[in-house]
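Asks: Chain residues, written in single-letter form:
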Amino acid sequence: GQNIDQPTEMTATEGAIVQINCTYQTSGFNGLFWYQQHAGEAPTFLSYNVLDGLEEKGRFSSFLSRSKGYSYLLLKELQMKDSASYLCAVRDNAGNMLTFGGGTRLMVKP
Amino acid sequence: DVKVTQSSRYLVKRTGEKVFLECVQDMDHENMFWYRQDPGLGLRLIYFSYDVKMKEKGDIPEGYSVSREKKERFSLILESASTNQTSMYLCASSPPGETQYFGPGTRLLVL
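As given, the protein sequences belong to chains H and L, one line each in that order.
For the first sequence, the positions run 3 to 112 when this note's numbering is used.
For the second sequence, the positions run 80 to 190 when this note's numbering is used.
To be clear, the hints were calculated from the coordinates, so they are not data collected in a lab.
Model, not experiment: these values are computed from the prediction.
Among these hints, one or two may not hold up.
Derived DSS-like pairs (lysine-lysine); straight-line CA-CA distance at most 25 Å [what the hints assert, rightly or not]:
| no. | chain 1 | residue 1 | chain 2 | residue 2 |
| --- | --- | --- | --- | --- |
| 1 | L | Lys-149 | L | Lys-82 |
| 2 | L | Lys-150 | H | Lys-59 |
| 3 | L | Lys-97 | H | Lys-83 |
| 4 | L | Lys-134 | L | Lys-97 |
| 5 | L | Lys-82 | L | Lys-132 |
| 6 | L | Lys-150 | L | Lys-97 |
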């Protein structure tokens, strides 16, 4: 089975840095995904990690430690438009199915 | 750009009705997925299809069935809708082993 945990809600200030953590316990692992979902909209792909380490994409970075079953999404220079839910998902060994965590709702305040 | 479309954004049905949710993708992806999304529970996989006429059960298939007669179209069927199937339904597609692209979702209310 798969168990994926992330905080339910976080609040941060515009211009700041925020780190959203995700821990997982899974029977198989073939990569970890982060998606962003604005209220009432579809999730959109943000980042993917399959090897340990940091992947950077502009203001967003994602880190993975497979031995610890841990990932985080780092958002820098927060903007109001970053207010959204952030979904962590682990892919199965076959490489097709994703299991999602409950999502973290981030509120960015002025 | 990948486009995944769903037949309705909002749907209201009565208990016991048969409900069809349609999903179409235009990128010739082999894989298609149906999820439901509920507050606090995240996205949960209902069914997955990896080819025409092929399907696999996800985590919560009870009360649902699916149909994939053409590669671009994946239908979710609620045989007899119940109030606990009120939810947001999201369709996704992907090439094998690659990231999934989501449709805009259908918010279903069962009265």
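Asks: For each hint, tell me whether it holds in the structure or not.
Replies: Hints versus structure:
The hinted pair formed by Lys-149 of chain L and Lys-82 of chain L meets the criterion: a straight-line CA distance of about 16 Å does not exceed 25 Å. Proposed proximity of Lys-150 of chain L and Lys-59 of chain H is contradicted: the alpha carbons are some 33 Å apart, above 25 Å. Taking the CA atoms of Lys-97 of chain L and Lys-83 of chain H, the gap is near 39 Å; set against the 25 Å cutoff, the hint is violated. This hinted pair checks out: Lys-134 of chain L and Lys-97 of chain L have alpha carbons roughly 20 Å apart, not beyond 25 Å.
Annotation: proposed proximity of Lys-82 of chain L to Lys-132 of chain L holds, straight-line Cα distance about 22 Å (limit 25 Å). Among the hinted pairs, Lys-150 of chain L with Lys-97 of chain L is consistent with the structure: their alpha-carbon atoms are about 23 Å apart, no more than 25 Å.
When the structure is compared with the earlier hints, violations turn up for hints 2 and 3 and for no others.
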